[in-house]
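Enquirer: When you get a sec, could you build the whole thing from the sequences and use the hints?
Sequential numbering from 129 applies to the sequence shown in my numbering.
If you are wondering where the hints come from, they were derived from the structure by calculation, not from laboratory data. You can trust all of the hints, since none of them are fake.
DSSO-like mimics (lysine-lysine), calculated; alpha carbons at most 30 Å apart, straight line:
1. Lys232 - Lys170
2. Lys270 - Lys232
3. Lys185 - Lys270
4. Lys232 - Lys188
5. Lys164 - Lys232
6. Lys164 - Lys230
7. Lys188 - Lys272
8. Lys232 - Lys272
9. Lys255 - Lys188
10. Lys208 - Lys164
Just the calculated beta-carbon pair ranges, DEER-fashion:
11. Leu142 - Arg169: 55 to 65 Å
12. Ser271 - Gln163: 31 to 41 Å
13. Ala139 - Thr166: 49 to 59 Å
14. Asn215 - Gly182: 38 to 48 Å
15. His242 - Leu143: 26 to 36 Å
16. Lys211 - Thr251: 23 to 33 Å
17. Leu138 - Lys211: 38 to 48 Å
18. Lys164 - Ala136: 49 to 59 Å
19. Lys277 - Lys211: 38 to 48 Å
20. Lys217 - Arg276: 39 to 49 Å
21. Arg191 - Ala139: 54 to 64 Å
22. Pro168 - Arg212: 16 to 26 Å
23. Gly173 - Gly233: 12 to 22 Å
24. Arg276 - Gly173: 12 to 22 Å
C-beta: ideal position from N, C-alpha, C; glycine also.
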Amino acid sequence: MKIKRILAFLAGILLAVSAIWVTNQPEQVSASVFQKTTVPRKFRGTWYRYWGNGKVKPFKITRTNINLDGCADGKGGVYKYTKRAFNAKGSLDFYSSHLLIKTKGNRMWICVPHGQTSAAYVTNNRKTLYVFVTTWPNTYSKSKSAARKNYKADSKMSRRGKLSKLVWG
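Expert: Laid out in structure tokens, this is it:
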């Protein structure tokens, strides 16, 4: 009888430890959730943004990286936007380097999983890029002189509503 009690006690402890171990395992995301993609050619290149006091800062968009002010830091890869990828469970630190993009014509939506969505619009002549991170548009130009010149026109309140409709569709 004593041996049966000890075996039952050990079986109970083994069952409890295995249940705790199973429930504390990190959730794994299959690799098929994130599908690598490339940034369309019309969005690529070095874009310049005016910072005031005559200063212009360059930002680069390459085939696999996006580096824009307030939108992305260029450290992560570019992946196809899907609802499954946006809602992927896992470590937020790991997924902050995953940029999800979705393009349609001259528009591109950029976001990180469980994060804020930004919208980008490139003009037909590919000389100006508008990016809405919040409610205010960030304007990027292909040349430094154009970035300085267009800053005042784009910062006026009268154009904000027009640019918002243009970018968000």
